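Protein chains in written order, with our numbering: chain A, 1 to 115; chain B, 1 to 115.
Mixed in with the good hints, there may be bad ones.
[Unchecked claim] In silico contact screen, one side only, chain B against chain A (beta carbon under 8 Å); selected entries: (1) 7; (2) 43; (3) 44; (4) 49; (5) 80; (6) 86; (7) 90; (8) 103; (9) 106; (10) 107; (11) 108; (12) 109; (13) 115.
Think of the hints as simulated: they come from the structure by calculation, not from any bench. As the structure is a computational prediction, the values presented were derived from the model and not from experiment. Ideal Cβ positions, reconstructed from N, Cα and C, are used throughout, including at glycine.
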Amino acid sequence: AQSVTQLGSHVSVSEGALVLLRCNYSSSVPPYLFWYVQYPNQGLQLLLKYTTGATLVKGINGFEAEFKKSETSFHLTKPSAHMSDAAEYFCAVSVVKAAGNKLTFGGGTRVLVKP
Amino acid sequence: SQTIHQWPATLVQPVGSPLSLECTVEGTSNPNLYWYRQAAGRGLQLLFYSIGIDQISSEVPQNLSASRPQDRQFILSSKKLLLSDSGFYLCAWSVSGALGNYGYTFGSGTRLTVV
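Generate coordinates for the entire structure from the input sequences, incorporating the hints supplied.
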């Protein structure tokens, strides 16, 4: 069965500092991986995704993530945090079955940005 | 373009009352549809998913049920709400079929408080 582990349920960064959110997955087949962001009382918005090809994936709002098969990781980074990055972030792996795909989500990481 | 609508945005219901949350998708046909719940301090829990009209799969035994009376309509219901049903409910859709690389598009969510 597929699973996703996000290290750290809360991360605090200073404005302008590097944002690093860790995600490790387990999958018996080559995975499709996703990062979503959720602002308070809103739905989830897709930040970026890895399907095939280039392992460094760029997304919206200056975020990027790198798929490392040997480490079974898909960590999310942003070089310089902005106050608007304060939100909760979810890593997810896609499980493809004959009956349709299902996303398995990590527990989420809440990011606090300090001025 | 595709859009997903979810309502109501907030709901306060007494214990033992019925529940009906509705989700509709526009701009696509035969989508896969999903209901997730976020309880306070917990991650995203998949409740139900559907690959077609009247085709519902339940992920977690509970006090809730789901129905899909039309291709792009997904309804979450309960006959008698429990306090533990409180949470943030999210509807999502994805491209139909066994394709894992598209991810999900989420609605804006319903905050349910059972009192």
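Hints versus structure:
Taken as an interface hint, residue 7 of chain B does not check out: its beta carbon lies about 13 Å from the nearest beta carbon of chain A, beyond 8 Å. Evaluation of the residue 43 of chain B hint against chain A yields a held restraint, the C-beta minimum of about 4 Å falling below 8 Å. Annotation: interface hint on residue 44 of chain B holds; nearest CB of chain A at approximately 4 Å, less than 8 Å. Because the closest C-beta pair between residue 49 of chain B and chain A is about 6 Å apart, less than 8 Å, the hint holds.
Hint on residue 80 of chain B is violated. Least Cβ distance to chain A is approximately 26 Å, over the 8 Å limit. Of the supplied interface hints, the one on residue 86 of chain B is violated, with its beta-carbon coming no nearer than about 14 Å to a beta-carbon of chain A, more than 8 Å. Satisfaction of the interface hint for residue 90 of chain B is found here, the shortest Cβ-Cβ separation to chain A being roughly 6 Å, below the 8 Å cut-off. Annotation: residue 103 of chain B was flagged as interfacial toward chain A, and the flag holds, the nearest CB pair being 5 Å apart, inside 8 Å.
Taking 8 Å as the C-beta contact cut-off toward chain A, the hint placing residue 106 of chain B at the interface holds, the least distance being around 4 Å. For residue 107 of chain B, the suggested interface contact is upheld, since its CB lies about 5 Å from the closest CB of chain A, less than 8 Å. The criterion of a C-beta within 8 Å of any C-beta in chain A is met by residue 108 of chain B, whose closest approach is roughly 5 Å, and the hint holds. For residue 109 of chain B, the interface hint holds, the least distance from its beta-carbon to any beta-carbon of chain A being 5 Å, beneath 8 Å.
With its C-beta approaching chain A no nearer than about 18 Å, residue 115 of chain B sits outside the 8 Å limit, and its interface hint is violated.
Checked against the numbered hints listed earlier, the structure breaks hints 1, 5, 6, 13; every other hint is satisfied.
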